[in-house]
Amino acid sequence: MPEQDNDHKHDRHVRVEVFVPSQVDGKSFTWLGDMLVSAAAAEAAAEFGIQGWTPSFQNDAKKVLDRNQSLLAQGVDSGDSLELVDAGGGV
Amino acid sequence: MVPAETTRALLDGEAASISAWAARHGWIVQLDGLRLALAALVRHPTDNSLLVLLADLRGYRAIPPAWRFVDPLTGKSEPVAYPSPGPVSGGKASIFHPQPTICAPWNRLAYTSEGGVHGDWSDTSNWLNVAGDVVRAANVAEMLSAIDVHLSFSPGRQG
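Note that the protein sequences, when read in sequence, are chains A and B. Position one of the first sequence corresponds to residue 1 (the working numbering), numbered consecutively onward. Position one of the second sequence corresponds to residue 1 (the working numbering), numbered consecutively onward.
Chain A on its own, in the form it takes in the complex (with noise of 0.2 Å):
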């Protein structure tokens, strides 16, 4: 049924290697799909002691994800690798 369908997606979690650029190991992170990510940005950011950066992801293709979409939308799936970085922009 459609319902349990959306219900099923809404559960789904996505487990992820992130790596910094100032590291060279990476850590393994388990969120949901329907995160946002710039929630699941700021929590990898945190862990890894990273302060001031707008921080988002950049995917194997390199596209830096949108921080208003969930990781789900953004075609996040278990096994993929993120690099965290900064959105900021240039002036």
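To be clear, the hints were calculated from the coordinates, so they are not data collected in a lab. Be a bit skeptical, because a hint or two may be false.
To be verified - Listed next, the in silico DSS-like pairs over lysine-lysine satisfying Cα-Cα at most 30 Å (straight line):
#, chain 1, residue 1, chain 2, residue 2
1, B, Lys76, B, Lys92
2, B, Lys92, A, Lys62
3, A, Lys63, B, Lys92
4, B, Lys76, A, Lys62
5, A, Lys63, A, Lys27
6, A, Lys27, B, Lys92
7, A, Lys27, A, Lys62
Based on these hints, arrange chain B on the given structure of chain A.
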């Protein structure tokens, strides 16, 4: 000026993360600890043309590196050597300034004292504390990452 040995020791500590970042992102990066310089090669994502990025790391981290793109044939830092600016995620401005320069607090050449456009960032020694919504980088690998992110939004080359 920071003693060369101090900068060299800092860069020794960063070398592994720089290499790991380059391997993850398909860049060729060569760190020259003796000359305190870095050279990097990457292809532009839209036309696959070769970009050559150089950094003068003397004085790092008391002052930021001097980053510049150079033409692979002439070695000159001229507009055609630089990626053109494209709006980055969230509609923010690119770090690729048409001067041309990389306009970020972690590029020494962006400051007025070094010929850049930013008189508002006071002194280069304050580079880690520049206020505002600017892309942050506190080490060389983070600087390469920031350049890579903005390159992914660049529609082509300048000039």
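Enumerate the violated hints, using their earlier numbering and listing them in ascending order. Of the numbered hints, all hold.
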